[in-house]
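J.: Residue numbers (numbering that gives the first Met the number 0), protein chains in the order written: chain A, 0 to 616; chain B, 0 to 485.
Rather than coming from a laboratory, the hints here were simulated on the basis of the structure.
No residue lacks a Cβ here, since even glycine has one placed at the ideal position from N, Cα and C.
Hints may be right or wrong, so weigh each one.
Unchecked claim - Selected chain A positions facing chain B (in silico; Cβ < 8 angstroms): (1) Phe5; (2) Asn6; (3) Ala217.
Stated by the list, open to error - The calculated EDC-like cross-link candidates involving lysine to aspartate or glutamate, where the alpha carbons are at most 16 angstroms apart (straight line), are: (4) Lys198/A to Glu173/A; (5) Lys370/B to Glu10/B; (6) Lys224/A to Asp44/A; (7) Lys134/A to Asp76/A; (8) Lys162/B to Asp412/B; (9) Lys222/A to Asp36/B; (10) Lys193/A to Asp216/A; (11) Lys224/A to Glu320/B; (12) Lys390/A to Asp430/A; (13) Lys208/A to Glu183/A; (14) Lys229/A to Glu211/A; (15) Lys370/B to Glu183/A; (16) Lys370/B to Glu533/A; (17) Lys11/A to Asp36/B; (18) Lys591/A to Glu533/A.
Below are the chains, spelled out letter by letter.
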Amino acid sequence: MRTNDFNSNSRKTVLVLIICSVVAIYVIQLFRLQVLSSNYKDRADSNAFLNRVQYPSRGLMRDRNDKLLVYNQPAYDVMIVMRETEKFDTLAFCRAVNIDIQYFRKRLSDIKNKNLNPGYSSYTAQVLLPQLGNKEYGILQESIYKFPGFYIQKRTIREYTYPNAGHVFGYIAEADKKDIEKDEYYKRGDYIGKTGLEKSYEPYLRGQKGIEILLRDAHGRIKGKFDDGKQDVTSTSGKDLTLSIDMDLQIYGETLMQNKLGTIIMIEPKTGEILCMVSSPGYDPASLVGRQFGTAYTALERDPYLPLLNRALNGAYPPGSTFKTAQALTFLQEGIIEPETKFACYHGFPLGGGHPGCHGHASPLALVPGIGNSCNSYFAWGLMNMLNSKKYKNIQESMDTWRDHMVAQGFGYRLGVDMPDEKRGLIPNSDYYNKIYKGRWNPFTVISISIGQGEVLLSPIQICNLATTIANRGYYYAPHVVKRIQDTPLDSIYTHPHYTGIDRQHYETVAEGMRWAVAGPGGTCHQANIPDIEVCGKTGTAQNAAKDHSIFMGFAPMNDPKVAVMVFVENGGFGATYAVPMGRLMIEKYLKGDVRDKNAETYLRNAKILRNVVPKV
Amino acid sequence: MSFRKSNIWEELDWFTVTLYGILVIAGWFSVYAATYDFDHASIFDLSGRSGQQMIWIITSVVIGFSLLMIESSWFEIFSFWIYCAIIALLVVTIFVAPDIKGSRSWLVMGPVRIQPAEFAKFATALALAKLMSTYRFDLTRGKSMLSILMLILLPMVLIFLQKETGSALVFLAFFFVLYREGMPGAVLFAGGAAILFFILVIRYATEIILNPLTPAGEFMVLCIIVAFIVVLLLIYAKNSKSIKNIFWLALGIGVVTAVVNRLYPVNLCWAAWVLLGSSVLYLLGLYIKERKACYTWIALFALASVGFLYSVDYVFDEVMEPHQQTRIQVALGVIDDPSGAGYNVNQSKIAIGSGGIIGKGYLNGTQTKLKYVPEQDTDFIFCTIGEEKGFLGSVAILVGFLLLIVRLIYLADRQKSAFHRVYGYSVACIIFFHVAVNIGMVIGIMPVIGIPLPFFSYGGSSLWAFTILLFIFLRLDISRSDRSNA
Chain A
0 MRTNDFNSNS
10 RKTVLVLIIC
20 SVVAIYVIQL
30 FRLQVLSSNY
40 KDRADSNAFL
50 NRVQYPSRGL
60 MRDRNDKLLV
70 YNQPAYDVMI
80 VMRETEKFDT
90 LAFCRAVNID
100 IQYFRKRLSD
110 IKNKNLNPGY
120 SSYTAQVLLP
130 QLGNKEYGIL
140 QESIYKFPGF
150 YIQKRTIREY
160 TYPNAGHVFG
170 YIAEADKKDI
180 EKDEYYKRGD
190 YIGKTGLEKS
200 YEPYLRGQKG
210 IEILLRDAHG
220 RIKGKFDDGK
230 QDVTSTSGKD
240 LTLSIDMDLQ
250 IYGETLMQNK
260 LGTIIMIEPK
270 TGEILCMVSS
280 PGYDPASLVG
290 RQFGTAYTAL
300 ERDPYLPLLN
310 RALNGAYPPG
320 STFKTAQALT
330 FLQEGIIEPE
340 TKFACYHGFP
350 LGGGHPGCHG
360 HASPLALVPG
370 IGNSCNSYFA
380 WGLMNMLNSK
390 KYKNIQESMD
400 TWRDHMVAQG
410 FGYRLGVDMP
420 DEKRGLIPNS
430 DYYNKIYKGR
440 WNPFTVISIS
450 IGQGEVLLSP
460 IQICNLATTI
470 ANRGYYYAPH
480 VVKRIQDTPL
490 DSIYTHPHYT
500 GIDRQHYETV
510 AEGMRWAVAG
520 PGGTCHQANI
530 PDIEVCGKTG
540 TAQNAAKDHS
550 IFMGFAPMND
560 PKVAVMVFVE
570 NGGFGATYAV
580 PMGRLMIEKY
590 LKGDVRDKNA
600 ETYLRNAKIL
610 RNVVPKV
Chain B
0 MSFRKSNIWE
10 ELDWFTVTLY
20 GILVIAGWFS
30 VYAATYDFDH
40 ASIFDLSGRS
50 GQQMIWIITS
60 VVIGFSLLMI
70 ESSWFEIFSF
80 WIYCAIIALL
90 VVTIFVAPDI
100 KGSRSWLVMG
110 PVRIQPAEFA
120 KFATALALAK
130 LMSTYRFDLT
140 RGKSMLSILM
150 LILLPMVLIF
160 LQKETGSALV
170 FLAFFFVLYR
180 EGMPGAVLFA
190 GGAAILFFIL
200 VIRYATEIIL
210 NPLTPAGEFM
220 VLCIIVAFIV
230 VLLLIYAKNS
240 KSIKNIFWLA
250 LGIGVVTAVV
260 NRLYPVNLCW
270 AAWVLLGSSV
280 LYLLGLYIKE
290 RKACYTWIAL
300 FALASVGFLY
310 SVDYVFDEVM
320 EPHQQTRIQV
330 ALGVIDDPSG
340 AGYNVNQSKI
350 AIGSGGIIGK
360 GYLNGTQTKL
370 KYVPEQDTDF
380 IFCTIGEEKG
390 FLGSVAILVG
400 FLLLIVRLIY
410 LADRQKSAFH
420 RVYGYSVACI
430 IFFHVAVNIG
440 MVIGIMPVIG
450 IPLPFFSYGG
460 SSLWAFTILL
470 FIFLRLDISR
480 SDRSNA
């Protein structure tokens, strides 16, 4: 070989340098991949780990007599992992699960829509079709191998023993975007309580989801549990609820209220437990379960009589004459009147030029017959005297004193019922009138609040709570539907009495007045009388644009009250017509287990009082 | 011919043998990890790949030992015969090999499958060493160069015909050897420049630069050509005045273009063209004035570069196969297709990236165990190391290869005989090419070219071939002080 004229040493160096620089570049790239970038780890995890959610079973509900009311049934969701789907026979799939292809395509595009489905990932299972019927489940189960990327997830859905008390239970539905944003616990496809107890007790009922971490290979096959299941989180079942509702009573109330609009509430005064909460029209809770949810919900939402509205809590009405009891208590406590104080009535309030008007009764009356006969003038006199009383600096101060007594008796604010969307009602104070009348107002301006008309608004549960307070002679527990939560104490507002600050003796007087109304001469609710039970009652008639609402509140027995009741029939006319006899039947049913007067029962059950409304479109 | 067996164990380069042993054993463990299933088969289980790899390792040790026992001059004597035999085998393979995953490179004889292409490397290295060590051989002579090219291209073409593109490309490693042995550095430089231009043109094929009319790839390459002219002038002509002139020329054209571009936006490649054209004319002018050949060579280089630039598109679109086009585009980041063409590389980057600094621990890799990485026991075996041993383990392996290659270069350089030296460089360069292409592919720097990682990838042909390649050189090294026969 010829002697070369090149520098072999430098050429060797060039080669070594090339080799070293390639290795250096590779080390830098490895550093970038393995040290600097963290997202490869996540991507590897999402490759290899299949987090299978273990859904806990939702808490059950029983009534106060341990009757099972709400429980769970297995249902099957069809899940899809977009990343794993391959070409498949769409038509065959749609036929198997009995849906049309347009719906299938819409579901697919909904799932991929980041707006509707913020947590979307093509690597994780998404709910394609919730709650498959048993038949479709059977068919799909056999052919699921033909549809890679599709899975069947076992879930549970609600079942109900009775088609009643839909408002009390509420319903559950897939968590929507807002729910998911508010609480990270929820993922798309999870269920969440939307109304009623399902909503207010959601944290107890739902339990805790578990996670099973499975290893999945590149073909989507499950290769076993990660770390032998040591990292798995087992699910915790939801807590069971025992309701204070007496289901027999609830059903009975709903039958009486059929074809009428309104509500019946009964409370056990000594505990504040709600025995029944009827809101009419109601709905069958089972109709809002499963695949028919959408159509059923739309139908209910469009119903002009608003079956989804829980009238017991979500309405506020002028309480009418039932409010007079609260007035009597206030006047007595403030020393404006004595039980013996008599006021004249000439078919109306004399100072108001016959306004508010009154019906024919003996005159003048003392307080007890005044309540019994529901004399409007008596309470107009009372409020007049209170507002004009020298005891207070001015009318503003006396008005605010009045308002404080109202609030102490449970009006104007939410009582704290353990259900969502309770209305607070309205109790005006002096500011309220100053604003409306620009400071120029006098007792005559506001006089109708003394008889439960005018600005005053109460929710039905507040009226019932008034009856409870009188039954208890001065205190109440926040009314509640749940008597017991499994392994969990109740909130203290349900176990600690709230005192109204009015002396017991005044309550005795008012109770006597309410007894007079049922059994005394000229009493307005004789129809509430039950021969061997001392029922106390008070009618009410809430005026409104259409026909008056008929109201009855009462409790029984007088001296050892076991139950307080409130019946509210929309457009039922004068209180005595429907509300009073219904109240009597409810009390009798609860205290005796059955009613004697079957004629009245039939009559009331068959009565139909539905105002004409323009159907919603 | 004298047998001096007593010296073999003393003269053997134990450093290289130790590195070889470490890499082979590490490879064996990696094959076990890559094929490890949750059924917990033993590493010795002969029905599993690690068990079979163990057999290949044991037989390789036997082969290596046997090679050390052979008289070193035999390799030189029989080098052409070995080369001819392998070429014949390659030709036969084209016709008799069954189609396995699109390649016709495997000879199947009952349960045994061998890939002749693997053995063509050491055979070609022997023949090359022999040819280059012949008396009067001169690389700068056209005839010598031609015979060398024939020697290298013949097996390369045959392997191309077997649809083993990766194995065929390995023969390019011999150009490093040729460079060491005196091939003009310009050839290596031209090769490097060609690769750079190719990458730039393909990478920036659809992008624009500076203004909406200027194609980025073309403009960048034209500018680099001008820069190369300047650098070459600096190195070969050592004429600073000419560089200054070109600089003023560039500045003038740049200013004029900037002004014109303000009024009428133009394709800036035109300006580069003008600059390049005038530079070439200037070089020719200098040649006429100074009569120095280097000016014409530089001008020729510039013109050839331009020609290459405008033929890249044609080669890429018309000559290359579609799957090769996408592999190159994926490697250059032109297209991003993690579920299709880019799946392998994407998954292998995920596996390596998820290893972190210290890795997930031996046999704890999820990506490799769950078969997310394809070919993980052969071409993509480095993923297993990256995932389970992390950055530290990966770098350790890279450093191990670097030590081996540099050691081989050191050994090659100390040979007195040209035959020994050329063969030694061939071994170093072939191993380097394999490591660079394989690991580069796995970490997403190189396009996907399916060649094994030496000593690691599962497979008897590959391990045997690398063992033979290495141990022939070790045997030659033992006899380095023997009288040179060149």
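J.: For each hint, tell me whether it holds in the structure or not.
T.: Comparing the hints with the structure gives:
no., hint, result
1, Phe5, "holds (5 angstroms)"
2, Asn6, "violated (10 angstroms)"
3, Ala217, "holds (4 angstroms)"
4, Lys198/A to Glu173/A, "holds (13 angstroms)"
5, Lys370/B to Glu10/B, "violated (45 angstroms)"
6, Lys224/A to Asp44/A, "holds (14 angstroms)"
7, Lys134/A to Asp76/A, "holds (13 angstroms)"
8, Lys162/B to Asp412/B, "violated (35 angstroms)"
9, Lys222/A to Asp36/B, "holds (9 angstroms)"
10, Lys193/A to Asp216/A, "violated (39 angstroms)"
11, Lys224/A to Glu320/B, "violated (43 angstroms)"
12, Lys390/A to Asp430/A, "violated (20 angstroms)"
13, Lys208/A to Glu183/A, "holds (12 angstroms)"
14, Lys229/A to Glu211/A, "holds (9 angstroms)"
15, Lys370/B to Glu183/A, "violated (33 angstroms)"
16, Lys370/B to Glu533/A, "violated (82 angstroms)"
17, Lys11/A to Asp36/B, "violated (45 angstroms)"
18, Lys591/A to Glu533/A, "holds (13 angstroms)"
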